[in-house]
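With the hints as constraints, model all of the structure from the sequences given.
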Amino acid sequence: MSEREQSMQSEEVLTIFEKSQAGRRAAVLPDAEVPETPLEELIPARMLRSEPPRLPEIAEPEIIRHYNRLSRRNFDLDTGFYPLGSCTMKHNPRLNERVAALPGHARLHPAQAPARAQGALELMWLLQRSLAEICGLPHVSLQPSAGSHGELAGLLLTRAYHADRGEERRKVLTPDTSHGTNPATVTMAGFEVVKVATDEQGGVEMEDLREKVSEDVACLMLTNPNTLGVFDENIAEIAAMIHEVGGTLYYDGANLNAVMGHSRPGDMGFDIVHVNLHKSFSQPHGGGGPGAGPIAVSDRIEPFLPRPQVVRREGGNGSGPVFDLEMERPKSIGRLRGFQGNFGVFVRSYAYILSLGADGLAEASETAVLNANYLKARLAEGRAGRHLPIAFDRHCMHEFVLSGRPMKRELGVATLDFAKRLLDFGFHPPTVYFPLLVEEALMVEPTETETKETLDAFADAVDQILAEAEEDPEIAKNAPYSTPVRRLDEVKATRRPVVRQPS
Amino acid sequence: MLAAIGVESPQDLFEQIPESLRLGRPLDLPPGLGEAEVYERLSELAARNHDAEQEVCFLGAGMYDHYVPAIVDAITQRSEFLTPYTPYQPEISQGGLQVMFEFQTAMSELTALPVSTAGLYEGPSSVASAGYLAIGATKGRRRFVASRGVHPHSRETLRTYSAGFGAELIEVGLDSGLTDATALAEAVDEETAAVFLQCPNFLGAVEDVEALGAAAREHGALLVVAADPMTLGVLRPPGECGADIALGEGQPLGNRLDFGGPSFGFFCGTEELIRRLPGRIAGETNDVDGRRGFCLALQTREQHIRREKATHNICTAQALNALAAMVHLAWLGRQGFRELGELLVRRTDYARRRLAAVEGVELLHEAPVVREFAIELAAPVDRVLMRCAERGIAAGHPLGDDYPEHPNGLLVAITERRTKEQIDALAEAIGAAISAEAVAV
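Residue numbers (my numbering), protein chains in the order written: chain A, 1 to 503; chain B, 1 to 441.
Because the hints were derived from the structure by calculation, they are not lab data.
Idealized CB from N, CA, C, for every residue including glycine.
Please note that the accuracy of each hint is not assured.
Unchecked claim - Simulated coverage check for chain B against chain A, where a stretch passes if three residues somewhere in it have a Cβ under 8 Å from a Cβ of chain A:
1. 23-30
2. 112-118
What the hints assert, rightly or not - Derived DEER-like restraints, expressed as beta-carbon distance ranges:
3. A:E381 / B:Y67: 50 to 60 Å
4. A:V311 / B:A47: 16 to 26 Å
5. B:L363 / A:R94: 44 to 54 Å
6. A:R210 / B:E171: 43 to 53 Å
7. A:R210 / B:L2: 36 to 46 Å
8. B:G220 / A:V498: 38 to 48 Å
9. B:A47 / A:G316: 22 to 32 Å
10. A:E211 / B:R25: 33 to 43 Å
11. A:D31 / B:E240: 25 to 35 Å
12. B:P31 / A:R312: 51 to 61 Å
13. B:G34 / A:N68: 26 to 36 Å
14. A:S503 / B:D401: 35 to 45 Å
So this is what it looks like as structure tokens:
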């Protein structure tokens with residue numbers, strides 16, 4: 001352990017509230033400039049707060065020191081490899097932060113009249129057109145705030161579409177490999193989840209699907225490539241089956257980074273796609289957001305899109321086009337949130353698309369797939385191949401899944417232990433225990449922005465951890481050692497939740 | 001790398017995609033650009049917006065032009081906060097998790113409710129999420145009652161979500177700017193899952209939440225109060241007025257206008273609701289050596305564990321925006337937060353009196369206000385706004401679309417950035433615009 005790591009472990013952890021000292025402060029506010037009327041004369045006393053909320057009392061140097069120290073207790077993508085499956089932890093270009101911070105974007109009020117926000121609306125329109133082309137579907141709404149919000153939009157659109165045809169359907173099919181957000185969304189949108197099994201190739205089990213397809217199916221939600229990193233070759237047939245009974249096809253775009261410029265969900269037969277701008281389009285994850293989950297849809301779904309919709313109108317009398325927020329959409333499902341969506345995210349993602357262009361996006365996916373297959377090949381060798389075999393051994397797309405089952409059986413080291421030991425080697429672990437159908441799963445997604453040297457270093461670390469576990473499994477079972485804290489009692493945090501500073 | 005994989009070109013790896021589904025042509029997008037060129041393109045687009053840096057902004061309606069201190073940018077732009085994922089590995093995410101814990105504490109303090117989540121997407125979708133929670137918490141009641149003082153975007157979003165989980169929304173009107181208490185009491189019954197109020201309401205008026213909430217308590221419905229966090233230094237907090245849930249748009253705390261997002265939604269509740277709350281919650285615990293630490297708590301509510309039985313589908317939310325809020329609140333501090341609230345009340349009072357004295361302007365209501373108020377103009381509001389814009393003033397948000405009974409209503413918002421001089425200039429601009437319109441007619 002380095003000195004820095006040791007000092008971090010021995011440091012007493014205090015919250016900003018515990019560092020508070022009465023009377024200290026940072027902010028200097030402007031003078032009122034107007035009469036200092038007692039508040040009670042302006043607002044009835046019983047509607048006033050008797051005592052100010054107990055916020056910290058602390059000076060600026062201590063605030064910045066507090067949060068800088070906290071930042072050092074985070075691992076981040078700018079510091080090291082982050083192969084978290086299905087999360088697409090690719091580099092976040094700093095240019096995007098700079099352009100998002102331009103006052104014309106950052107200080108633009110969302111209620112500004114459209115005529116006075118033409119640059120912003122044009123940017124949104126251009127992003128809509130770009131995403132439509134990438135997804136192969138003609139219409140885009142940027143409104144959803146994250147992937148799961150896009151999923152909810154998709155199922156509400158599905159409901160509206162069927163209702164418009166006088167139908168009420170109850171079931172939504174999702175494969176057992178799907179992201180947890182899929183079934184959670186199905187319930188929230190008032191449908192019933194019907195699980196579909198996975199075949200030996202990692203795709204949808206066609207026999208099972210055939211049995212479950214009926215006229216009561218509102219929608220099939222699918223990720224393709226799926227969470228095993230496998231492209232479902234039967235997708236055209238699957239789409240035909242669902243369309244045959246009148247259902248819609250929803251594409252969870254979490255894995256779009258595998259196919260940009262190579263294959264398009266619209267061409268596969270999907271009606272609705274969400275795109276995670278914080279995955280494929282380089283919006284930084286921010287430790288859990290912000291993101292954005294725009295949706296692209298087919299013609300038959302378009303009338304129901306959320307409002308307002310950004311539209312381009314041709315200018316009259318030789319003037320240029322005008323961009324507007326269209327509110328009059330009689331069949332719209334309505335708003336999914338306030339104002340126009342996470343515009344700051346749109347600026348970053350549009351900057352990313354401009355930077356890469358058509359060729360760059362295709363190359364990004366190609367390199368993502370190449371990197372995943374290279375790392376998979378490296379991990380198929382030697383100890384990793386024995387203890388952590390590939391769950392579905394075939395060429396993968398942008399990610400692949402290992403099973404820690406032999407490691408657990410033979411060495412007594414569970415996937416969780418292995419993941420914790422990776423922390424000591426300076427790597428963020430892959431996604432663990434997902435997808436659920438692979439025992440002791442590790443889902444690895446390296447992304448296109450990693451070098452061969454990084455992939456090799458990761459493969460070497462995996463080998464070293466397994467070699468060490470062959471000798472002494474206790475090392476992994478008690479890991480990590482060098483992190484700011486070691487394994488935490490998560491059960492206690494849930495059984496007796498302490499979710500705020502005691503007052 | 002190709003040799004290790006055993007293929008000749010990266011294209012071979014795409015052969016698992018059936019040929020008929022391969023695009024087979026380049027995307028119809030322009031070629032890529034260098035960094036300087038992208039900067040120029042986006043600068044050109046940004047320059048075509050009228051932002052609050054170049055005009056005096058009295059727009060509000062849920063998002064406000066507050067000063068965001070430099071320290072917020074310095075901290076939120078650090079790689080260690082900007083670039084990690086959700087803290088699934090707590091041992092290497094203590095920074096982010098502790099920030100969540102501190103944020104939860106701050107929001108609990110502001111709202112006077114014991115439990116806060118680490119944040120949702122933004123305001124109106126948080127209102128809709130409270131609806132979903134209320135249906136579960138009231139064992140399947142499927143009716144909501146909302147005041148028309150609740151933000152129009154929130155009511156619409158609640159309606160959008162309700163089409164999915166199956167609920168009906170009844171709206172209760174306003175009387176002199178405030179929720180009609182009699183109508184509200186009549187609308188609430190044993191089928192009501194939740195009553196939705198907003199304070200200050202959309203027209204800026206401070207509602208008597210406690211009195212209005214009696215109807216909810218009487219019939220066992222949840223009382224959901226949408227609050228403007230920047231007013232909670234001076235206003236009695238929702239938790240002291242009987243609210244079961246307090247939530248709202250977080251943008252005023254440390255977040256830029258950004259044409260509407262990203263910001264965050266805060267969501268606080270009573271102890272009874274802790275296992276039903278949507279989204280992430282950080283909890284305090286200890287590690288195997290007894291060191292203090294933080295981790296995600298109560299994850300059995302969440303989609304990645306419970307799938308179709310989860311209390312909500314939310315995954316990625318707005319962690320960085322919640323950090324911005326926490327830093328802003330620490331910078332303001334206990335005294336500063338209170339003083340800012342007082343400043344808003346006094347400047348808003350001044351602005352309201354100043355505008356009421358203008359020929360052709362009448363107050364839309366005389367209820368107490370904190371930071372926003374509504375007026376009615378004796379001239380077409382769009383024409384007045386256009387004339388003010390010519391003087392470099394965004395005079396406010398027109399009310400006619402959402403409140404057709406006030407076709408020339410205008411909502412005017414004040415922040416600490418709006419000086420007395422600017423308020424005087426607004427009054428003069430509106431006065432001149434109304435006179436000019438009268439002449440034009």
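message: Within 35 to 45 Å: is that where the Cβ-Cβ distance between S503 (chain A) and D401 (chain B) falls?
response: Check passed, 43 Å falls within 35 to 45 Å.
- prompt: Would you say the segment 112-118 of chain B counts as covered by chain A, given the rule of at least 3 residues with C-beta under 8 Å?
  reply: holds (count 5)
- prompt: Can the suggested window of 26 to 36 Å be confirmed for the beta-carbon pair G34 (chain B) and N68 (chain A)?
  reply: holds (33 Å)
query: Can the suggested window of 38 to 48 Å be confirmed for the beta-carbon pair G220 (chain B) and V498 (chain A)?
result: Violated, at about 29 Å.
field: Hint check for R94 (chain A) and L363 (chain B) - Cβ pair distance inside 44 to 54 Å
entry: holds (48 Å)
query: Under a C-beta cut-off of less than 8 Å, do 3 or more residues of the segment 23-30 of chain B approach chain A closely enough to confirm the stated coverage?
result: With 6 residues close enough to chain A, the hint holds.
message: Within 33 to 43 Å: is that where the Cβ-Cβ distance between E211 (chain A) and R25 (chain B) falls?
response: holds (38 Å)
- prompt: Can the suggested window of 16 to 26 Å be confirmed for the beta-carbon pair V311 (chain A) and A47 (chain B)?
  reply: holds (22 Å)
- prompt: Is the distance from the Cβ of A47 (chain B) to the Cβ of G316 (chain A) consistent with 22 to 32 Å?
  reply: The hint (22 to 32 Å, Cβ to Cβ) holds, given that A47 (chain B) and G316 (chain A) are roughly 24 Å apart.
field: Outcome of range test on Cβ distance (D31 (chain A), E240 (chain B); 25 to 35 Å)
entry: holds (31 Å)
- request: For the range 51 to 61 Å, tell me whether the beta carbons of P31 (chain B) and R312 (chain A) fit it or not.
  value: Violated, at about 23 Å.
- prompt: Does the Cβ distance between E381 (chain A) and Y67 (chain B) fall inside 50 to 60 Å?
  reply: holds (57 Å)
When held up to the earlier numbered hints, the structure conflicts with 8 and 12 and fits the remainder.
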